[in-house]
Every structure is written in C-alpha cells, then in structure tokens.
Amino acid sequence: MTNTPLLELKNLTTVFPTRRGLVRAVADVSLSLAQGELLGIVGESGCGKSVTMLSILRLISTPGRIAAGQALFQGRDLLKLSDGAMRQIRGKDIAMVFQDPLSTLNPAFPVGEQIRESLRIHHIAQNHFAREKERVIELMSEVGISSPTDRFHEYPHQFSGGMQQRALIAIALACEPKILLADEPTTSLDVTIQAQIMDLMRRINEARGTAIVLVTHNLDLAAEFCQRIAVMYAGRLVEIGTTDQVIETPQHPYTRGLLTCIPRISAQRTRIEPIPGNVPDLANVPPGCAFAERCSEMQPICQNDLIPFFEIAPGHLVRCLRHSSATPD
Amino acid sequence: MKAIKILERVLTTIPIMFGVAIIVFFFIRLTPGDPVDIMLGRSAAASQREIEQLRHQFHLDEPLHVQLGYFLGDALRGNLGYSYIRNKPVVDLLVERLPATIEMTIGALLISLIIALPIGILSAVRQNSLLDRLSMAGAFLGISMPGFWLGIVLILFFAVYLQILPAQGRISYDVELQEVTGLYVLDSLLTGNLPALKDSLLHLLLPSITLGAGVAAIIARVLRSSMLEVLRSDYVKLARAKGATEWDVVMKHALRNALIPTVTVVGLQVGVLLGGNMIVETVFSWPGLGRLVVDAIFNRDFPLIQGAVMIYAITFVLTNLVVDILYTYLNPKITL
Amino acid sequence: MTAHAPTRVARGWDYSFRIRLRLWWRALAELGYELWQRPVVLLGGIVVAAFILAAVFAAQITIHDPTRGTLLLRFEPPAWEAEGNWKYPLGTDDQGRDLLTRIIYGTRVSLAVGLLSVAISVIVGTALGAFAGYYRGWLDEILSRFADLLLAFPFLIFAIGVMAFLGPGFVNLVMALAFKGWVEFFRLVRGEVLGERTKEYVDGARVAGQSNLAIIVSEILPNVIQSVFVLGTLRLGYMIIMEASLSFLGLGIQPPTPAWGSMVASGRDYLLVAWWVSTFPGLAILLLVVAINIFGEGLRDILDPRLKIE
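Just so you know, the protein sequences line up as chains A, B and C, in that order.
First residue of the first sequence? That's 209 in this note's numbering, and the numbers climb one at a time after it.
First residue of the second sequence? That's 6 in this note's numbering, and the numbers climb one at a time after it.
First residue of the third sequence? That's 13 in this note's numbering, and the numbers climb one at a time after it.
Bound-form chain A, shown alone (with noise of 0.2 Å):
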C-alpha cells in the first residue's frame, strides 16, 4: 500500500432541504481509502452512507446538494472537476454496485447492451461492435453469468435476482475501475447467494487490486469481507479502525449496541439486544452526540458540543468522550 490514499474523503458535507428543515444526510465525514482496500461503511438505513457513496459520485439529485469538503480521487478534488471531467471517472475510474438490481438495470434494454454501454461510453474497445461483444462475454462469464452468449440479448426481467446482480457488477467492472462503491449489494438477495456474490467480489479485488467500499447494515458481512471498518450513524461516523479493532474491541457505544444486535449461532444463546430509543430526526440532529439519547453511558456533557475524534490506538477513531483521556484527532 502506498501512502497516498487512493480516494481520500475531508469533511464532505451532504445537504437536502425539506420542508422540516435542512437534513444533512452526511454531516462532515473524513475518511481514506488506499489501493486495493476493502474498505467497510456499516450503519442503519438513512445513517447517510448511501448518500455518501452518491455524493463522491456527485449523483446527489435535486434539491439535495454537497454543501462542504473534498473527494480527492488520486489527489484530484472530485467536486471541483466539470461535469465532462466527471463523466470521465463515473464508470471507468469509480464504479458503484447498486442495492436493488431489478429496478437498477434498464428494463427496456437487453442486458448485455448494457454491459457493452459501459465500454462505449469510456472507448474501452474503440467503439468496435464486434470487440465490445466480445468484452462482454468475456466480463459476464467472469462474475459466473452462465451461456453468456446466449444471454446477451435478454432482458433483465428474464434473469434472476442473484443473475441480476451479477450483471451489475459487470456493468462496473467492465471498465476495470480502480474504485468499487458497492452499496449493499447482497440485501435483496438470498443467504446463498449472497455468500455467492461476496466470493465473487473478493476475488475482483484479489485478482485486479480493485478498492472496494463495501455499504452495509449488516456488521457481520462487513467483519467478514473487509479490511476496516467505519461505522456511521445519523450521517456522522463515529468509529473508524481495522476490522479486529472495531469487532473485537468496539469503542463507541453504538458499535457495541450493533455487535449485540446480531444473532450468532456460535456462541451459547445469547439475547438479542435491541439499541432503545430512535435515530434523531436528521433534520433535528441535536448538537453534542447523535446518539446521547440511546447511549447507557451517556453523560450531560455529550450533548454540549461535537464530539471530535479520539485516537485510541494507531489507525482506531472513535468518537466518543469516554475516550477524552486520548489525544484528540
């Protein structure tokens, strides 16, 4: 790994007005990502780590915009490019999996049209039917679409959802990008084959070094497959570190309220705790901790004033007053 990060957030900021007020769907993330990591997001839904993925994308649409921070790609500060220069990474350089395939593919286009779509836009096969055809067979037996030539032509509602899904990956590998967003890939589908397509991922990023920013709500899939972890809540991160910090010695008492969420089957029959108490209204955030008013630890000073980061151990931030003894980030 090379000590410039691959793709490096500072303080990215993502705004959409309602008629309740500004929500800040992503309040001031910082986060890095280096070559080839298998970076993990994990939170609740509406924690704002889709949105995070859209906004380095700059997909975030109307009225909803990125109000603050950098996304520096290889340096270059993505936010500040136009909208050509963009388009120029969307799909070749970044490429993002999205959550439900069925309504992601185009339903009135075959899917291998769409696969080739990717190579024509960024001139992979010098706009070359034959080529382009050829690539895309190529790529969909990679992510183990059977009889590709076959399946060129069909539409998605003629695949399944696991086939589907594979289809997607295609679609953002076919550029060979060097970044892959992928926003819960596996929810919609089946255990099995979710275990299907998070083999297949590990081995895209074995076999090509791709990056892959793995969005989840589910701690369990994201321990497995990653390298680290961040765990957001309420469009806030509030613990970064590798993957054992995080699982095996979780800092904030939100991350430990997601570990005891989980069922295990190892383990004697523990009880299922529920987190008490509600995310806070986005458009509402109280200042201090989002998560004061869940936390059992919760002290009157957490709702004072943000919260910064605490370095309890090299490369493990968390946010957390628990942790004021530690120096500050």
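FYI, nobody ran anything at the bench for these hints, they're computed from the structure.
Note that the Cβ used here is the ideal one computed from N, Cα and C, for glycine as well.
A couple of the hints might just be wrong.
[Said to hold, decoys possible] Cut-off 25 Å, straight-line C-alpha distance, at most; resulting in silico cross-link-like pairs (BS3-like, lysine-lysine):
# : chain 1 : residue 1 : chain 2 : residue 2
1 : A       : K218      : A       : K300
2 : B       : K338      : B       : K257
3 : A       : K300      : B       : K257
4 : A       : K341      : B       : K338
5 : A       : K300      : A       : K341
6 : A       : K288      : A       : K218
7 : B       : K257      : A       : K341
8 : A       : K288      : A       : K300
9 : B       : K338      : B       : K93
[Unchecked claim] Footprint (simulated), chain B over chain A, 3 or more residues, beta carbon under 8 Å:
#  : region
10 : 294 to 305
11 : 323 to 336
12 : 348 to 356
Following the hints, complete the assembly by docking chains B and C onto the known chain A.
Using the frame of chain A, we list chains B and C on its own:
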C-alpha cells in the same frame, strides 16, 4: 416468431369486426322510423306500389335475420349498401371522403407529437422552471378549450385578420392537382407539383393545429409525468454512474421507458381525434368523413351512418393493433 | 403533494352520528384552510360560483330578451369598438340579440346539462360500483364487461351516435352524456370498495349485525365520497365541453334557446363581418371550464392525490 404472433393478433381482429357489424346492424334496424319514408322524403305522394318496390329492393320486407345475412354477405363483398339520400353506393362515398380525413388526422397527430414530445421531455428535465410552468399552463388551457372555438379563433386571426392562411377547404380552386391517393400533400409530392404542395400544406395547417391541440396537451402532460417518474428511477441513476452524458440519460434510458405509458395514451387519443374530426371538418368546411357523417345524421341516412360506423370501428381496431405491436417493441416484458 | 393528509372521515363502525358530524365539520374546515393556502384554486372556485349565480339570476341581471332581437340592430359591435354602444356591451348577433344576455342565459344550459349529467353519472356509477365491488360475482362480472365496452368508445363519437338516434333536445343530451359518464365513477367506486370491504371496520360492522346495505351506505361510501367528489368536479368541465360540441354540431340544444355551442356555430357564418358573435360564447366556455378544472385539480391535490394519474 414475432411475425407469427403479429399475424395471430391481426387475425383475432376479424371476429371483433364481425361483432361490430352485427351490433351496428341491429342498432340501426331497431331505431324507430321507416327508412322508406326517409328515402321518399316528405313528398308523400309516392304510391303504395313504389313503397313496396323500394321495400323489396332493400330487403326491408324480409325477417330481420335474413336482412342481417344480406348485410353481412354484402359487407364481405365490399358492399355497404346504398345511401338513401345521396343515391350513391355507401362505399363510394366513404372512399371518396376518407383521404381528406386521413390527411387531417395524420397532420393533427404529427403536429401534436412535434409540440408535445419536446415539451413533455423538457418540462420534466427542467421541472418547475419557467418553461415547465408556461408549458403546463398552456397544456391546461389545451385540455379546457373546446376545439371548435380554437378553430374559429385561429380562422379569425390567421385568415380574417392577418389573411395569411386559408380559412376553409383542402386546396384553392385555382390550383390544379392530379389525384393519385387522395391525400393532397402526398399527391402533390408524387406528381412533383410544388404550388399544390404549398397550397395544400397551408390549407392543412389550421385544421391540424385545431384538431391536434387538445391531444398535444394530453400527451405533454402524460409524457411529463412519466418522465418525472422515470428520471427518479434507479436505472437512470445507474446510467449516470456509468458516465453517460445527460443527453443519453434522458433521450435513451429515461425516454424509452417513459414512452410506454405515453404510447397507450396516444393510442386512446386516436379515438378522440376521430370524434374531433367531425367538429373540425365542420369548422373548416373540410370535405371529409366527419362532415359526411354529421350530414348523414341530420338526414337520417342510415346506410351511410352504418358504413361510417364500420369505418370508425375498423380504424379503432387497427389503431389498437398498432399500439399493441408498438408496445411489444417498447416494453420487452410484454409479448403479444 | 399536500402538506399533510386530510382527515379520513367516518372510519370505524362505532362512530356515533354526532362524532361523524364533527369529523365532517373538521374535514370541511381543513379543506377551507387548504383552499385558503392556494389562492389560484380559490379563485377558480370563485369564478365557478359567479357563473352559477349568473345562471340562477339570469333574468334579474339582464335587461334584454335572450331569444328575440331587432334585426335593425344586428351585428352591433362590442361597446369598446368605434361604433359600439354600451347598451350592448359585447355587441349583438345576426338577429340583433344582445350577446351578453345570451351568454348569461347560455350559462344555464351549460351548467344544467353539465351538473345533471355528472349527477346522474355519480349516482348510477356509485350505486352500481358499490354493489359490484361489495357483492362481486356475476353482477360485477357483467357490469365490468359492459363498462369496459363503453370505455372503448371515444366519448364524442359515442355521444354523437346516441344523439343521432335519440334526436336533439335537453333531456336526450343529458341522457347521452350520462350513459357514458357513469362508467368512470363505477370503476372508481368499485375499485375503492374492493379495497375497503376487507378492512377491519367492515368486519366489525358485520359482526355487530349490520345489514349489507347498511354497511355499504353508512360504512363504506363515506370513505369513497371524497374521491367521487373530486372526480365529479374534474368531469364537469369535460361534460360542459361535450355539451357545447354537440350543440355546435346542431345535435344538442336547439336554437333559439341560447346555448354556447350553438351560438359559436351561428357566428361561424359571419366571421368576416362580426368576429364577436363566435368569439365571446367560446370564451365563456373556456373561462368556465378552466375555472372548473383549476378548482377540480386543486381539490384533487388536497383531497385525493392518488387520482393524479389520468
């Protein structure tokens, strides 16, 4: 494979046409009023013998089911009877008038598509912009406006006040045109007759706008709302994530899907256009089928009404067929 | 679309009449508030109300005879034209009758035909729709097939056809329009009832021993009435255009009764000499229908945004 399916679908329209013919037949025979009285008009001086003769000639003295047999047999041979009033075979009258109506309907459909497609797309892409608000206000007026009045206002402005467009008819009296198909614009193209082309296009303009305005308004509204829905979809997001240009995102990925509900609406509007023809042909003294039907209704010329209803039914069935076929090309999930 | 969903009225079988009344009252007050928030919609409503008043008090607010004129005074131009006369603000027609007077009287025809045909459509469509949706079975099957068949016909062609056989006239006109108009209410109510009949409150009423008819009338219908009202308003403008179109063709209201459609038709022969004879009656149609549609679409946005897809 697709061709066989389409052929099958075409064949299923035949029983429908038979059903329509039978319904039309009974509808008309069961209406009060003796056709012979109408034929002879109010000059009631006709002798009993003449009446009997006419009754026999039109098979009116036979039982109803025999009459139906004659009617269907004749219809199959392309004989829809004889107009009571105009003393001409109904088929001849219809064939004579049909091209004018087809020409105006095509003109109206083209104009409404030319207006509605860009407006529907642009106002969805630039939702809430000035263009969107103006277009939707215009579309609102379009659906609230009676077509005949729009035609009259257009005549007043362009023909009476500005005097740049003709107010009635299909072609000026002093322009000569050799008829080939009966569609004047097409005929003047085929015969390379430029003055006639210009003249017939000018005549076609106001009627087509009048007939097309309401349809354009509806198409624009439907296209806009389905574009708005499609533009929010995941696959549009994916197209952007691939790096596709905005043009491709809108014109390829979004439009292709937004057209599916729009095509259904356009198909339904063809029926509306057929009704509108009667009005617009009256306003512009356009010698088409609609005007013929309205006259036939006034004169209670039942064979002619019967024939016209058949033509409308055929048009309607054919339109549905075209829409269905178009649909399978747009929407891969649907097979005929 | 709306700021908040309006209160759904009278849901639940144990509501007493008094509570229902209060709920209705609250819904009405909410509707008033929402209307106040939308000045354009309110303006549409005011224009419609003005037309209704003009129709009711036509005899009181006009000074000329609507059907008899003086030929000497034919084609007087509107008052603001060079030769105009304020006695005839919008000019006179080919028989020397005051155009404004005839337009005001014409409001009666348009509103009467429109309201009556919509009212009949609503009553027939709602009743049949409720029964078909509630009882299902062969009744539903037959009615739905028939409705589909009617729906396949373009409205104007159908109305022209019916008028061709019935002959012109006020009653026939209303019948022709209602004969096709009920279908949409049938489909709306049937669909709603199909959805409502399996809900708990209907089961509750059944358990409590209410008869089927009582359940339909007092439990289910109050919940679909808002949608019916919205659709009725939206269809009113269309019916008025249909009436005017038929009268324009000479198949509707016959002269000398002033109807906007036939007034436009009579002015068509004099476009070169008297532009106003056709223009103003048509403008009246446009104004009334725009007002009704603005009001109707506003009501829809407030009461029933689901109806948005046409």
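Each hint tested on the structure:
Proximity of A:K218 to A:K300 is assessed by CA-CA distance (about 22 Å); at most 25 Å being required, the pair is judged to hold. A hinted pair counts as satisfied when its Cα atoms are at most 25 Å apart, and B:K338 with B:K257 qualifies at roughly 18 Å. Between A:K300 and B:K257, the direct Cα distance comes to roughly 20 Å. Compliance with the 25 Å bound is thereby established for this hinted pair. For the hint pairing A:K341 with B:K338, the CA-to-CA distance comes to about 23 Å; that is within 25 Å, so the pair holds.
Of the pairs offered as hints, the one joining A:K300 and A:K341 holds, with about 18 Å between alpha carbons and a cut-off of 25 Å not exceeded. A distance of roughly 13 Å separates the Cα atoms of A:K288 and A:K218; the hinted pair therefore holds under the 25 Å criterion. For the hint linking B:K257 to A:K341, the alpha-carbon distance of about 20 Å falls within 25 Å, and the restraint holds. Our distance criterion of 25 Å between C-alpha atoms is met by A:K288 and A:K300, whose separation comes to about 18 Å.
Simply put, B:K338 and B:K93 have alpha-carbon atoms about 49 Å apart, too far for the 25 Å limit, and the pair is violated. Here the region 294 to 305 of chain A counts 8 residues with a CB under 8 Å from a CB of chain B, which clears the bar of 3, and the coverage holds. Counting residues of the region 323 to 336 of chain A whose beta-carbon sits less than 8 Å from any beta-carbon of chain B gives 4, enough to reach three: the coverage restraint holds. Coverage of the region 348 to 356 of chain A by chain B is violated. Counting CB-CB distances below 8 Å, 0 residues qualify, and the rule asks for three or more.
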